[in-house]
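Build the complex: two chains, separate frames, hints provided.
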Amino acid sequence: MKKLQKFMSLALACTLTASFITGCGSSESSEGTNNATTENTAETSADSATTGTFKIGGIGPVTGGAAVYGLAVQNGAQIAIDEINAAGGVNGYMLEFKFEDDEHDAEKAINAYNSLKDWDMQILMGTVTSTPCQAVAEKTNQDNLFQLTPSGSAPSCVQYDNAFRICFSDPAQGYASAQYIGENNLATKVAVIYDSSDVYSSGIYENFYAEAQNQGIEIVAAEAFTADSNTDFSVQLQKAKDAGAELVFLPIYYKEVALILTQANDMGYAPMFFGCDGLDGLLAVENFDTSLAEGVILLTPFAADATDDLTVNFVTKYEELYGETPNQFAADAYDAIYAIAAALEQSGATPDMSASEICDLMKTAMTEISVDGLTSSNITWNAAGEPTKEPKAVKIVDGVYTAM
Amino acid sequence: MSFISYLINGISLGSVYAIIALGYTMVYGIAKMLNFAHGDVIMVGAFAVFTIVSTLGMPIRLGIIVSILICTVLGVVIERVAYKPLRNAASPLAVLITAIGVSYLLQNVALLIFGANAKSFTSVVSWSGIKLADGQLNISGVTIVTILACIVIMIALTLFINKTKAGQAMLAVSEDKGAAQLMGINVNGTIALTFAIGSALAAIAGVLLCSAYPSLTPYTGSMPGIKAFVAAVLGGIGSIPGAMIGGILLGVIEIFGKAYISSQMADAIVFAVLIVVLLVKPTGILGKNIQEKV
Numbered sequence: 004m005k006k007l008q009k010f011m012s013l014a015l016a017c018t019l020t021a022s023f024i025t026g027c028g029s030s031e032s033s034e035g036t037n038n039a040t041t042e043n044t045a046e047t048s049a050d051s052a053t054t055g056t057f058k059i060g061g062i063g064p065v066t067g068g069a070a071v072y073g074l075a076v077q078n079g080a081q082i083a084i085d086e087i088n089a090a091g092g093v094n095g096y097m098l099e100f101k102f103e104d105d106e107h108d109a110e111k112a113i114n115a116y117n118s119l120k121d122w123d124m125q126i127l128m129g130t131v132t133s134t135p136c137q138a139v140a141e142k143t144n145q146d147n148l149f150q151l152t153p154s155g156s157a158p159s160c161v162q163y164d165n166a167f168r169i170c171f172s173d174p175a176q177g178y179a180s181a182q183y184i185g186e187n188n189l190a191t192k193v194a195v196i197y198d199s200s201d202v203y204s205s206g207i208y209e210n211f212y213a214e215a216q217n218q219g220i221e222i223v224a225a226e227a228f229t230a231d232s233n234t235d236f237s238v239q240l241q242k243a244k245d246a247g248a249e250l251v252f253l254p255i256y257y258k259e260v261a262l263i264l265t266q267a268n269d270m271g272y273a274p275m276f277f278g279c280d281g282l283d284g285l286l287a288v289e290n291f292d293t294s295l296a297e298g299v300i301l302l303t304p305f306a307a308d309a310t311d312d313l314t315v316n317f318v319t320k321y322e323e324l325y326g327e328t329p330n331q332f333a334a335d336a337y338d339a340i341y342a343i344a345a346a347l348e349q350s351g352a353t354p355d356m357s358a359s360e361i362c363d364l365m366k367t368a369m370t371e372i373s374v375d376g377l378t379s380s381n382i383t384w385n386a387a388g389e390p391t392k393e394p395k396a397v398k399i400v401d402g403v404y405t406a407m
Numbered sequence: 005m006s007f008i009s010y011l012i013n014g015i016s017l018g019s020v021y022a023i024i025a026l027g028y029t030m031v032y033g034i035a036k037m038l039n040f041a042h043g044d045v046i047m048v049g050a051f052a053v054f055t056i057v058s059t060l061g062m063p064i065r066l067g068i069i070v071s072i073l074i075c076t077v078l079g080v081v082i083e084r085v086a087y088k089p090l091r092n093a094a095s096p097l098a099v100l101i102t103a104i105g106v107s108y109l110l111q112n113v114a115l116l117i118f119g120a121n122a123k124s125f126t127s128v129v130s131w132s133g134i135k136l137a138d139g140q141l142n143i144s145g146v147t148i149v150t151i152l153a154c155i156v157i158m159i160a161l162t163l164f165i166n167k168t169k170a171g172q173a174m175l176a177v178s179e180d181k182g183a184a185q186l187m188g189i190n191v192n193g194t195i196a197l198t199f200a201i202g203s204a205l206a207a208i209a210g211v212l213l214c215s216a217y218p219s220l221t222p223y224t225g226s227m228p229g230i231k232a233f234v235a236a237v238l239g240g241i242g243s244i245p246g247a248m249i250g251g252i253l254l255g256v257i258e259i260f261g262k263a264y265i266s267s268q269m270a271d272a273i274v275f276a277v278l279i280v281v282l283l284v285k286p287t288g289i290l291g292k293n294i295q296e297k298v
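In order, the protein sequence lines correspond to chains A and B. Take any residue in the first sequence, count from 1 to its spot, add 3: that is its number in the working numbering. Take any residue in the second sequence, count from 1 to its spot, add 4: that is its number in the working numbering.
For reference, chain B alone in the conformation it holds in the complex (with noise of 0.2 Å):
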């Protein structure tokens, strides 16, 4: 029984990481930069939200739809500022530099703001949830929420990049820059909705995160952020179903890892799993083997 209940804390903790890496991986695939600042959009994400309904005793739904407005209108801020003038840098790692000072900032400001006294926050889902086996066994409401957006989020975002245009132009983007210009399309504009895009992803993952484990202080996004990416690498970066993938692999490694090898050393074991899978496949799990033309 206590396997079982280990199985489906792992899927909820992975459904988690799954959605954060959803967004480093779509960031990555089209503009392929990797955006430290996503775990601290999460934080932003989630203080909006604790302010909205917990400050200010406004409706959550209202809460959750002004906190996707906002990462959403931060992502483009952040893009638009803080990485597009550096896109064309002799060197990539400009933006990178760049993106871990922004993660910096936002957590300062915040910490300006809230001050880091860690807030309670109050869970989105007040489902109690599901008792199986005589009470032996308790999925909780936001795991199931949780599991579920991240299902719902994958599907809507594969259909997203297959069926739309813009989906389309994203994926021309990813292949080549140049050339999708060429032909017409709005380079500038489509890696602005990509960035919108995994904000918003962003701002729902920090209600989702924060509903689960309801501590909050100007640092909760950053060590979830640093394992979303991990599970983003784990699955493939750039690619979605690989996003999901990694993410459930590394919540369910890790408590297993806490329940059957060490609590301590649950960490470690995530992180050796990944140099494992990289020196098998270095690309990933779903990771295309793009082989670069001379």
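The shape of chain A in the complex, shown without the other chains (with noise of 0.2 Å):
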């Protein structure tokens, strides 16, 4: 017996320092980068350094399936934050930022929430994924932080006063994809895969199913899969493929669409694939053949392609500092960290005040300011959380995003 608790002990030892030196491995990567980028604009602004610093946590998947997101928001995030406090910070007072890991987790949000809440943050920039943004929520409406996601998109994301968005909510956006196949007449006959497992998916669907009717779209097939079945889609299409489905609708994550794409190929089916922002990192799946993507068309409310000063801007900063080109969610948290900073000059906050006092203040400012941001110019906000903004698509052409 002896024996075997060693080895029991020692097996369960080794399991836990494994996943122990995983997250540890990854915060402390990104504590690095934030030390550099905090030296580096205690060199620029010197002069201006006052008497504190706002607090800014965020928190994302920097490991995981939903990695290529979290990190887009981190990088997106800091540039924000480095120009800012370039610029003489807010109000003459700097920002300080720390991004923790959650692996796209609720259990390992709440664990991320609570250690930034160690760090004494103030206002927090995130969840980036809906699902640890609804348990993150809780927390941040308990004890009355200011919180703004730049991608959850869930409606239980925002659903208390204290919590605000920067991306279309999962209703929004069903309801914008049904009316952009609509109104632009891609098809008549749509299939739709969606992951009934997951919140973000299915609430797009349902909302894309209410406003199909609307828009004299024949829904000839809805089929579903969950966590548990998410590899093996061959089903799914095959019903698509009967029903005559011109276009399938894909409300789905990246990792399931490269392999939809592969065995819709393999099966030779080749519809239109029209999907939401959860497309986005398609393209930057490793050793994924991107002609596969070749036509598949995303709603997103940001093309790197864009000519305008601020995309041209955000694009060449990100490209220089890590050597690829941003995509939506290294936008929404740029515009996320600008529209913090906005709604904190508008409500006159200091740095001395505390997390909950500063939230009060913010809560009215957020639905004062108006941000001309990367996914939209003129964003403003209700009182509900949800910003008012224009829909753009864009389609893979050549392996790269281009406007339409």
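These are calculated hints, taken from the structure and not from any lab test. Hints are supplied without guarantee of correctness; some may be wrong.
[As the list claims (entries may be wrong)] Think about it this way: if two alpha-carbon atoms lie no more than 25 Å apart in a straight line, the pair counts; the simulated SDA-like pairs of lysine to any residue are: (1) K192(A) x F7(B); (2) K135(B) x P274(A); (3) K135(B) x Y272(A); (4) K111(A) x I104(B); (5) K192(A) x S6(B); (6) K258(A) x I155(B); (7) K135(B) x N144(A); (8) K320(A) x G298(A); (9) K101(A) x N144(A).
As structure tokens, this is what we get:
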């Protein structure tokens, strides 16, 4: 029995250490970049340094299946923070930014939130994905801490009055997708493949379904899958094919879409594929044959090839610093930091206030500001936390996102 | 036409389950333990091929051979380090829990090395398959190769066990470890050989699984591993033809459930079938009913 205990504890210890190392590794690296950037900003704006800094926390998946989003948000936000600090900060106060990993997992997001609270976070820019965001929204509401999510699109992410968002909500995305397909006469027979175990996916699907009727779109097949059966899509595709769907609507994340495109190609089925912001990241999947994604359309508020000054400046900086083209999530995060800065300026909050005092001021200030951001010009917010802005669509042509 | 297409997809998915289930069933039959880390050995095999072929740019055949070697060594090492010292532990639960520990260890090490971003696996089968009935019916090359591989492996294993000395030794060990040892059979060696073969099969299963469903993450092996375990139990755990039948049945039921009942309920249907089969025939379809002598 002694021997058994020894072995079990050894095995468990190994497992724990392994997961611990992974966790640590990522947070260390993010801290590393933070330190580096804080030093930078200290140099560039040493003269304007005032008595305090606003502590802004960020949470998102830096590792895990949705890591493309978390990394983009972390990088995009960092660019905005550095720009604001270089320009003299908010009302003379610097911004300090710390990003924690949640691996797209609700429980880990709460842990990340708690460790940011220990760091004395005053404002939360996060979380990146919907499911963890809902969990964290409960905590920020209890603590009365101001939360602005760049990309948490489920309705309940902003159900409390302390939470706002930059992206469209799931209902708005489903609604806008149906409208876009209808108004541009892309197809009349549409099949949907969605993840019934994910709130993001099923939320979009329900609203797409409701609006499709009004647009004269016939949904010929609506096929679900779950997190436990997300590798084989042959049946769903076969049903869409048999029903004669001209367009397949994919309100899901890019990981499954990469599989769906491969399997559709294998069975010789080539309809039009249309998705939402979850498809962003598709072209970044390692070793993915991007020719399969040719012609895929996605509804997203940001196209990196736009020619306005703001986008060009952001894309150039991002490519210089991180060596890749920013996606919509990076743009959402960039806008989120600017929205926080604008609201802080409007509210007249100071860093010596508690998180709860800042939150009360920010709630009103958010509805009074208007932000010209990357994802839309003149974004405004209502008290429910929803933004008002224009949807855009991009198409994948020759392996890059191209504005339509 | 779509019925035939569903059937082929079901058999293809089932063949992958069957190859994984063969590994489960062999280890259970001979060492009388459930190796829950089997699914993760599959993942290791797939990552080995991915690294050798996609990252290092070596030829596919070399990748598969090296991957089989890596998994074989890994299987033997796992058995020697984590399972063998517990083989005579007071409770059979000990080795089961260790197996779960090994499973998490492999997942987390892979997470550490490769990160959790999904990688797109390049299919090892470049043949595009057969088109029938004016392109209405498309059987992909991977599907055909998977089904053939499954049949070949099953026949080879059956021959190996029934016709070779080492195979006979395995049968003897599975029936009575103590008696086999008295007859001069190297029990430790035989069990190590079982793990080596089981893990080599896992490498092949990993390559075929990721060729058919080309998304590779550190968690790739865990769900197919559980389903294959169900397949092994369904077919009668310990029985080699049983694993094959159980695997293919499970794949076909899963696809038909998705196609004709509900795409959301597919997994629930699969597990409901398992419960019904076990209620009617507790030893599984081909399981032998061995009476324990008191």
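Okay, the hints, checked on the actual structure:
| no. | hint | result |
| --- | --- | --- |
| 1 | K192(A) x F7(B) | 22 Å, holds |
| 2 | K135(B) x P274(A) | 19 Å, holds |
| 3 | K135(B) x Y272(A) | 13 Å, holds |
| 4 | K111(A) x I104(B) | 22 Å, holds |
| 5 | K192(A) x S6(B) | 19 Å, holds |
| 6 | K258(A) x I155(B) | 31 Å, violated |
| 7 | K135(B) x N144(A) | 58 Å, violated |
| 8 | K320(A) x G298(A) | 28 Å, violated |
| 9 | K101(A) x N144(A) | 20 Å, holds |
In terms of the numbered hints stated before, the structure departs from hints 6, 7, 8, listed from lowest to highest.
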